[in-house]
Amino acid sequence: MMDHAIDIAVAVATSIAVLTLISLGLAVIFGMMRIINFAHGEFIMLGGYATVEAVTHGVNIWIAMLVVAPVTVAAIGAVAERLIIRRFYGQLVTTMLATWGLSLFLIGLVTAVFGNTTRGVAAPLGSVAIGAYSVSAYQLVLVAITILLSLICLLALNRTRWGLVARGTMRNPEMAATLGIDPVKVYAATFATGAMLSGLAGGLLAPISGVIPHMGAAYVARAFVTVISGGPALITGTVAVAALLGPLEAALSLVATPVIGQAALLIAAVILLRVLPQGISVSWQGTRR
Amino acid sequence: MTNVRGAGIGLLALLFLAAVVGPSMLGQFDLLQLSSFAAMALATLGLAFAWGYVGILSFGHAAFFGLGAYAYAIATTNLGDSTLAVPLAVLLPVCFSVLLGYFLFFGRIGQVYLAVITLCVTLILFSFMNSTADPSYRIGTAPLGGFNGMDAVPPLNWPWQPDAPLTPAEMFQLCFATLGLTYYLLRLILRSGVGRIMVAVRENELRSELTGYDVRLYKMLAFMVSAAVAGLGGCLFTANNGYVGPTVFDLNQASQFVLWVVAGGLGTLAGPMIISFGFQYLQIFLGTRQFLNTSLVFGAIIIFFVVLVPRGLLPTLQDGAKALRRRVPAVTGRSRMTRRIAKRI
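Sequence order for the protein chains is G and R.
Residue numbers for the first sequence follow our numbering, beginning at 143 and rising by one.
Residue numbers for the second sequence follow our numbering, beginning at 7 and rising by one.
Just to be clear, a hint being listed does not mean it is correct.
[To be verified] On the chain R side, residues computed to face chain G include the following (Cβ under 10 Å):
1. 256
2. 261
3. 287
[What the hints assert, rightly or not] According to the in silico footprint, chain G covers these stretches of chain R (three or more CB under 8 Å from chain G):
4. 72 to 83
5. 89 to 101
6. 122 to 131
[As the list claims (entries may be wrong)] Partner residues are not named here, just some residues of chain R that face chain G (Cβ under 10 Å, in silico):
7. 35
8. 38
9. 117
10. 118
11. 273
12. 308
Hints listed in this document are in silico derivations from the structure and should not be mistaken for laboratory results.
Ideal Cβ positions, reconstructed from N, Cα and C, are used throughout, including at glycine.
Next up, chain R with everything else stripped away, as it sits in the complex (with noise of 0.2 Å):
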């Protein structure tokens, strides 16, 4: 435990670290390109919390991820300012966490089907999105922009004064401080009386139940704090990078982020987070040379992923140091068919 508490400080210091000294080491390309990196990671965290700690497999996430980008391009065009645009991209994906929790929780739909129902609204926002290039689409004075997207997002800029932009740099910094913050925060939510509650309805919902939690609650709380997350992840998205399209409810975006969870094993923060930077490198290394089709590669990982580590980077990794330690050799998971079979009975 000891151990797990001070890798976690650790990477909490090195992303703070990154933050300081990266603007002086990098240059202006890289620094946007991990500040959008970044971004994602953060959003990444949301997921790794509601599924990896709750129990809480949603494919909605680039749903509450694309409800905050969209939140904040609409409010910053129509404000001019950034300063409220913030809050309301973190509040409307939770308003929307709410009322699909609502249908979720309360009407205790298991885990196979709240999968699939949050992939089916993730893909209407998508279609909806898409159908709004007639220029009658628009809140105030943004246009959406439909298939095409809303381009020329204006930054971040200092609280209250709309002439003073944040500078690549100092967004790079803003990001990756935020990274770390909301990691050092959803730890600390699951060392609380609530998380460890959380965690207790993840292990067995029945049981928490008769103990006397209200697991549709507990599940709720999670998921509006995955949601906040998303949209925060959002939000500095497309402040970064200036454009939101009606992409980031796409069928890719949607499962991005429950790959990087699973990739960087379920049940922890750290790994999902640092393996979505690598994924989203060999993403855009793989998009720039075209030598092979970046879905037909991408469909190979996956598949490498789940047949091979199945628990995720993060776990094999801890369990082989573990095992080196005591020269026990390392105990994979994969049993007989049959008793997979007969687990389901």
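Extracted from the complex, chain G is given alone in its bound form (with noise of 0.2 Å):
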């Protein structure tokens, strides 16, 4: 019995990780910038499809998933925001439909490129004995990463310089130029960091779900819900969410099938936003602006 609860808890932990991991990157770039980027399934996809093709090629599976995945999509990311976001800021209906012709274009680059079929790396470690269940260690590492990630992510915005100019700079542009910082080189910086997060998610993920050209249309709709539904506060709220819907996705998926989980969690999002029109986290940070 005891056992039994140890594996549903990993299977909860591992769900709350998952939803934190693939909704990190949108925290920033949609939470932060206020762009609507419906090309963050894509910027997953090919953080999985660069460690793929990174350890195809004989690099270690870590360093592949780590810095491989993370460097590759913010520099795609980079190019997107000089090339096409840069001239849109502001008009957010305009990026969203910018984003999804991005998200097109990469999805038929890498049809084009790497084939219309699902390919994958194996898990590292192995599993992991819990009485008589196991458990894949990876799953654990997954969760202690992400939790990592998240404490990073918390100290980095709201304890350093530099997260501490980023959202000066979102929230008011103009005073921050006048105070010498250069507004088009934060942007464009915070959106390579928001893809960097991407990346490092779809690496992350890449072992656990395989990587195919249109796996991104999975993530897109649960990340955009939880960064929604997580409001003001970014990483707290999001990880709130992601604690909330996280288990009741995983609990339906066990009960009935992995379709009626996601519809779930799609629709607690939406009677959650009619209750806390702006997000879970008003309630301990305030409304936004």
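Two chains, each in its own frame: build the complex with the hints.
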């Protein structure tokens, strides 16, 4: 009985971790910068592909996941920002369309280069026995990395000079500019950081889910509702919503089907937004702006 | 203004002319394809109305379209007669829009969140319909078919005469006549008092509210109209193609309507309607040639439109024509980024 409880706890923790991971990059790009990034799922997808490609070419899997994936996607994000996104800051609808075009473009490009087939890498570390059950050790590492990553984001955003500059610029770019900070550079750097986090998520998820060009669609809706429901406190709000909705999804996926689980997550988020239109973290952060 | 009205009447005449002379000039295949294009264009009008004139950016338009399509397929399979299936295909999306509108407008959810939530709802429908492959998912005698969708959907028939289905030529005439009529009706709505208030809501929600109009109600009304038009489009689409699958709810479909409205020109009805024909033709052209990946090309086209023709084709052409007449260079709408950022404050 105890073993079974641990088994379920691991499943729940993993689902919370996955939800947090796929949302962190969007929390930066959408939550902070107010860019509706429909290419978010494709950033995750590119992270996955970067990992798989690196591993196929003999790179150590940890380096592939933790270094190659985020760096590659950050570079792609920086290019996209320079060429497309930069023109549309402050125009929500236009960025939405531009990133949607980017998303289709990236799907098409990856399909053309790598083909429309599922690929994957084996999860490292094997499994750990907990009584009668065995749990994939990689899942435990994934949870640990997610916790660590959330803490780093939280500290970087709230306790470093860089985080302060970024938050200040997002709130009032003109004021930041008069204080000698170049908003254009800050915007570019923040976007690349968000892309980097998405790439990292893609890299870490590649051993679990495998990669396929249109895999982004499975993540983008969940990431958006998580960030929107999270509200003004970017990291804590996102993690809180993930902790709330992750178990719901995990439970219903277990009892019914994964599709019902995802549907329940989205419906729960819509109802949550009807009750708390500003997102869950208004209760401890106050309203935005 | 008279100019615009004249052009509108001209377009209407052109659509009816197509309906009259089309069948005698085109082959069977072209008739079927153009009917399907017209059904999509019809649905596009719904979004052009709700987004362009009332400011409701809904990615859920595909949900209404798909619900109409499925409602027609299920009802006509069960009843064996399409007479009642058509009103049902309009009614179901309208009911759904009321339910959705309650959460969106009465919850006073912002424009951005509205777009994302409607997209999520559409994707839920997509996942749900995809998972109904099991034969136990059936409504009456109609299995939902899951990923494979429902095929062999009966075509439209003359009212109360199940044995007299419409020929492709008649279907073509019906589609184009419906498109023309809907276009005309939407223009009538916009010219009426209610329509003017809707435009006022788009221009300035707070001011409209302070003037004493219940903004939520007018938005809801516009949302219902757009859902009805989308449902009708979905119904005609399915009746013409004899098939409906979950892809009517997928991300591609959801965004396609939005793309057509943007590319045609936000705030016009004719632009999105005309350009939807062009895009659908292009898509089929690319799909049959297979020399380039379709989503690659489409992604590039969208980015091209957003970057270079941000206001859409029709308004840009109108401005160009005006500028030519006055011999004044057209104003291009690109200002400095810093000004863009400053606008947000």
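Exercise for review: Report the numbers of all earlier hints that the structure fails to satisfy, in ascending order.
Suggested key: When the structure is compared with the hints, numbers 3, 4, 5, 7, 8 and 11 turn out to be violated.
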